[in-house]
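Using the sequences plus the hints, can you model the full thing?
Same order as they appear, the protein sequences are chains G and A. Sequential numbering of the first sequence, starting at 1, is according to our numbering. Sequential numbering of the second sequence, starting at 1, is according to our numbering.
I should point out that these hints are in silico values taken from the structure, not numbers from a laboratory. Accuracy of the hints is not assured; some may be wrong.
[Stated by the list, open to error] Pairwise CB distance ranges, derived in the manner of DEER restraints: (1) A:Asp25 to G:His58: 21 to 29 angstroms; (2) G:His58 to A:Pro50: 25 to 33 angstroms; (3) A:Val5 to G:Val5: 51 to 59 angstroms.
C-beta: ideal position from N, C-alpha, C; glycine also.
2 protein chains.
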Amino acid sequence: MTSRVPPHPDRADITLQGVLEALVDPVRRSIVAQLHLATDPISCGHFDIPVARSTATHHFNVLREAGLIRQHYAGTSRMNTLRRDDIDELLPGLLDACARDHQAQTPA
Amino acid sequence: MTSRVPPHPDRADITLQGVLEALVDPVRRSIVAQLHLATDPISCGHFDIPVARSTATHHFNVLREAGLIRQHYAGTSRMNTLRRDDIDELLPGLLDACARDHQAQTPA
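Spelled out as structure tokens, the structure:
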């Protein structure tokens, strides 16, 4: 099933520019925050985001290509995990900041 | 001379969204990195940035309005300092990440 896994950048190819471009979008920041606050992988269909499925797919692609998330298949579901170590190496504090911001904007 | 000092947002009005929008631009990130690597305030005319003066003024305004820099006058020079404490509270690690990225891209 390896061929179904989309390409991911190597650690050395993750740039601050790419990460900032990805996270300047609030929907993408929300996806990252939800992953950071979760303990398990989340399938593309199970995020709480206010966009259509096709738009969501675009956002997941941007996040994957920027090096923020890894995607793999579990059956027919495309699962998402954070590349925590890679992000922390580039910008420690970023994931916590996204999560704090997300929680402050999400009604309890 | 207080009236010549442009307005700055309060700490509570600095948002992650605004900071990311400001720093997604490489020239603005370079300004922030140069300030982070410097010990003293830097006047608007003394940054190493590849843009015309009028464009630079726009970038300084964006950074000030996002809460990343403070500006004050020294004679006729508009001086810039980082709002380190405010930035560190919002996203610790950000300034160092910008500086590392800047240094990696700047020929020695």
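Verification of the hints:
{"no.": "1", "hint": "A:Asp25 to G:His58: 21 to 29 angstroms", "verdict": "holds (22 angstroms)"}
{"no.": "2", "hint": "G:His58 to A:Pro50: 25 to 33 angstroms", "verdict": "holds (32 angstroms)"}
{"no.": "3", "hint": "A:Val5 to G:Val5: 51 to 59 angstroms", "verdict": "holds (54 angstroms)"}
In summary, this structure violates none of the numbered hints.
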